[in-house]
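Engineer: Sequence:
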Amino acid sequence: LANKDRTGRKLAGDAHDMVVHVTYENIYAILVFLLTATAFGIVTSKLGMPALVGEIIAGFLLGPPLADFVPYPKALVLVGEIGLILLLLEAGVELDVAQLRETGTKALGIGVTGTILPLVVGMGLAIASDANMGIKSALAVGASFSPTSLGVAASALKQGKMLDTPVGQLIVSSCVVDDILALILLSMFQVLVEENPPIIAYFIPFISSLGFLLVLGGSAVTWLPKFIQNKILNKVPEQHRE
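Under our numbering, the residue at position 145 of the sequence shown is numbered 145, and the numbers go up by one with no gaps.
Hints may contain errors.
Claimed, not checked - Derived BS3-like pairs: lysine-lysine, alpha-carbon spacing no greater than 25 Å straight-line: (1) K226 x K46; (2) K136 x K46; (3) K158 x K106; (4) K106 x K161.
Worth flagging that the hints you see were computed from the coordinates, not collected in a lab.
Take the sequences, apply the hints, and build the full model.
Structural biologist: What follows is the structure, given as structure tokens:
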């Protein structure tokens, strides 16, 4: 009985630790933060800039970097990550496959240039500022300049009603290429920080990325649209297809 009692108390204590205690002040602070971010977004929209710029400024001013006004910032970051995933899904749904075929070469060139050029410039600036800096540190500095953000680009294009235009589709496609190359760079850094990694470890990021592009990307622009059109959409009533 004593053991059962101790076990019950331990479980009750663990359950109590898992409870998040939210006060009225926390709710008030989150509401103020959301209203402020919305107001900043409206102001930047009136100034001819995407609302996302004002929202980022509000998050920087009221978040942990400065005022630290927002409670439970990790929870808000989690909600933001979920929203970003949904935004990327929306951008993928609105992507015009026909235009993607026409602009694929241009998007690939823009994406590769947008990754390699900032990488080289960043490495050069890092070495110029500190001649004793190692190649790994210089690569890390250069890689910080390379990645773009498909979520930010898609949000800005959507607010400017440019997402469905040829230029918007080209930007989204090039951002996809840029993000893939940035993930390859990140995987390479994970290998570089290891001591005496196997040779195959340097090639795994390239092999996995190439396989992803060939299998999923190739399917998305070749047989998969026809399969969805002929096998799935034909079974859906026309009034429910849009």
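Engineer: Work down the list of hints and note, for each, if the structure agrees.
Structural biologist: So, going through the hints one by one against the coordinates:
1. Restraint check for K226 and K46: not satisfied, since their Cα atoms lie roughly 43 Å apart, outside the 25 Å limit.
2. About 44 Å separates the Cα atoms of K136 and K46, which puts this hinted pair outside 25 Å; it is violated.
3. Taking the CA atoms of K158 and K106, the gap is about 21 Å. The hint holds against a cut of 25 Å.
4. At roughly 22 Å between alpha-carbon atoms, K106 and K161 fall within 25 Å of each other, so this suggested pair holds.
Violated hints, in rising order: 1 and 2; the structure is consistent with all others.
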